[in-house]
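Colleague: Sequence:
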Amino acid sequence: MKKILPFSLLVWTFCSLLHYGPLTTAHATGIKPVQLAHLSLAKNQYDIALADALDKLKVFYKADILFADGMIKNLSVDSTLIDLEKGLEKNLLRLLSPYELSFVKQKGGSYVIVPKDKHSGSSMAELARLVSDNSDLIQVASLDNGSIQPNQYQVIANQKVRGKVTSDVDGLGLPGVTVLLKGTSSGTITDQDGNYNLEFDRENAVLVFLL
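FYI, the numbering for the sequence shown is -20 to -1, 1 to 191, going by mature numbering (1 follows the signal peptide of the UniProt record, and there is no 0).
Check the hints yourself; a few may be wrong.
Said to hold, decoys possible - Result set (EDC-like, lysine to aspartate or glutamate): computed pairs, CA atoms no more than 16 Å apart in a straight line:
{"no.": "1", "residue 1": "K42", "residue 2": "D32"}
{"no.": "2", "residue 1": "K85", "residue 2": "E69"}
{"no.": "3", "residue 1": "K144", "residue 2": "D173"}
{"no.": "4", "residue 1": "K42", "residue 2": "E69"}
{"no.": "5", "residue 1": "K96", "residue 2": "E69"}
{"no.": "6", "residue 1": "K36", "residue 2": "E69"}
{"no.": "7", "residue 1": "K96", "residue 2": "D63"}
{"no.": "8", "residue 1": "K96", "residue 2": "E80"}
{"no.": "9", "residue 1": "K85", "residue 2": "D44"}
{"no.": "10", "residue 1": "K53", "residue 2": "D32"}
{"no.": "11", "residue 1": "K144", "residue 2": "D171"}
{"no.": "12", "residue 1": "K36", "residue 2": "E65"}
{"no.": "13", "residue 1": "K36", "residue 2": "D58"}
{"no.": "14", "residue 1": "K53", "residue 2": "D27"}
{"no.": "15", "residue 1": "K38", "residue 2": "D63"}
{"no.": "16", "residue 1": "K53", "residue 2": "D171"}
{"no.": "17", "residue 1": "K36", "residue 2": "E80"}
{"no.": "18", "residue 1": "K38", "residue 2": "E65"}
{"no.": "19", "residue 1": "K53", "residue 2": "D35"}
Honestly, the hints are just simulated from the structure, not real lab data.
Take these sequences, add in the hints, and give me the full structure.
Modeller: Spelled out as structure tokens, the structure:
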């Protein structure tokens, strides 16, 4: 003969399953939902803007680090990657590599943040030499063989600059070219048609164009 459980007992059993079911699942993974939230919060609290990380290196190592704002906008890094006991260049590599960025060291000791070289290894070395050796406005273009050469020189100051970076090969605009105000971290990046706009108020200003 079947025994029928009292209605109140059935209700209690059902409510117990609803209450303890999720907890059983959480314990099976070894991590409670609250712990997962804490882990996520702990990770995020170490994230800082890449620009702030570069400024920290700039102050500690007393070095000029130049970058276009548009290049690193909205990028963040784990602050624990910074190890001030290491050299500046090692720290730069650790911060920049995840975003396919690199740097060029100028003759005066400044560092320019640039996209990682997509051409031959020698082209980046040639670009570094051009930035170091020329104090005028340098506009560069990538040729079919991957070499880089300046194709325009100009000194500008105290104005809003608008321009277009074009290729010597076909005359088309070059997108993604970094335009920096030498000696500062001010800069921009050319749009899809090679156009750029940059405002500054500085005498004897020098612009550096980097692919």
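Colleague: Hints first: check each against the structure and report whether it holds.
Modeller: Cross-check of the supplied hints:
1. For the hint linking K42 to D32, the alpha-carbon distance of about 15 Å falls within 16 Å, and the restraint holds.
2. Proposed proximity of K85 and E69 is supported: the alpha carbons are some 9 Å apart, at most 16 Å.
3. Restraint check for K144 and D173: satisfied, since their Cα atoms lie roughly 8 Å apart, inside the 16 Å limit.
4. Taking the CA atoms of K42 and E69, the gap is about 13 Å. The hint holds against a cut of 16 Å.
5. Between the alpha carbons of K96 and E69 the distance comes to roughly 15 Å, so the proposed pair stays at or under 16 Å and holds.
6. A distance of roughly 13 Å separates the Cα atoms of K36 and E69; the hinted pair therefore holds under the 16 Å criterion.
7. Our distance criterion of 16 Å between C-alpha atoms is broken by K96 and D63, whose separation comes to about 22 Å.
8. Distance check on the hinted pair: K96 and E80 sit about 6 Å apart at the alpha-carbon level, within 16 Å; holds.
9. Restraint check for K85 and D44: the C-alpha separation of about 10 Å stays at or below 16 Å, so the hint holds.
10. Annotation: proposed proximity of K53 to D32 holds, straight-line Cα distance about 11 Å (limit 16 Å).
11. Distance hint between K144 and D171 is fulfilled; the C-alpha atoms sit about 9 Å from each other, no more than 16 Å.
12. As the CA atoms of K36 and E65 are separated by approximately 13 Å, the hinted pair is consistent with the 16 Å bound.
13. Pair hint K36 plus D58 holds up; C-alpha atoms about 13 Å apart against a cutoff of 16 Å.
14. Of the supplied pair hints, the one linking K53 and D27 holds, its CA atoms being roughly 14 Å apart against a limit of 16 Å.
15. Taking the CA atoms of K38 and D63, the gap is near 13 Å; set against the 16 Å cutoff, the hint holds.
16. Proposed proximity of K53 and D171 is supported: the alpha carbons are some 15 Å apart, at most 16 Å.
17. Our distance criterion of 16 Å between C-alpha atoms is broken by K36 and E80, whose separation comes to about 21 Å.
18. Between the alpha carbons of K38 and E65 the distance comes to roughly 14 Å, so the proposed pair stays at or under 16 Å and holds.
19. The suggested pairing of K53 with D35 holds, with an alpha-carbon distance near 14 Å, which does not exceed 16 Å.
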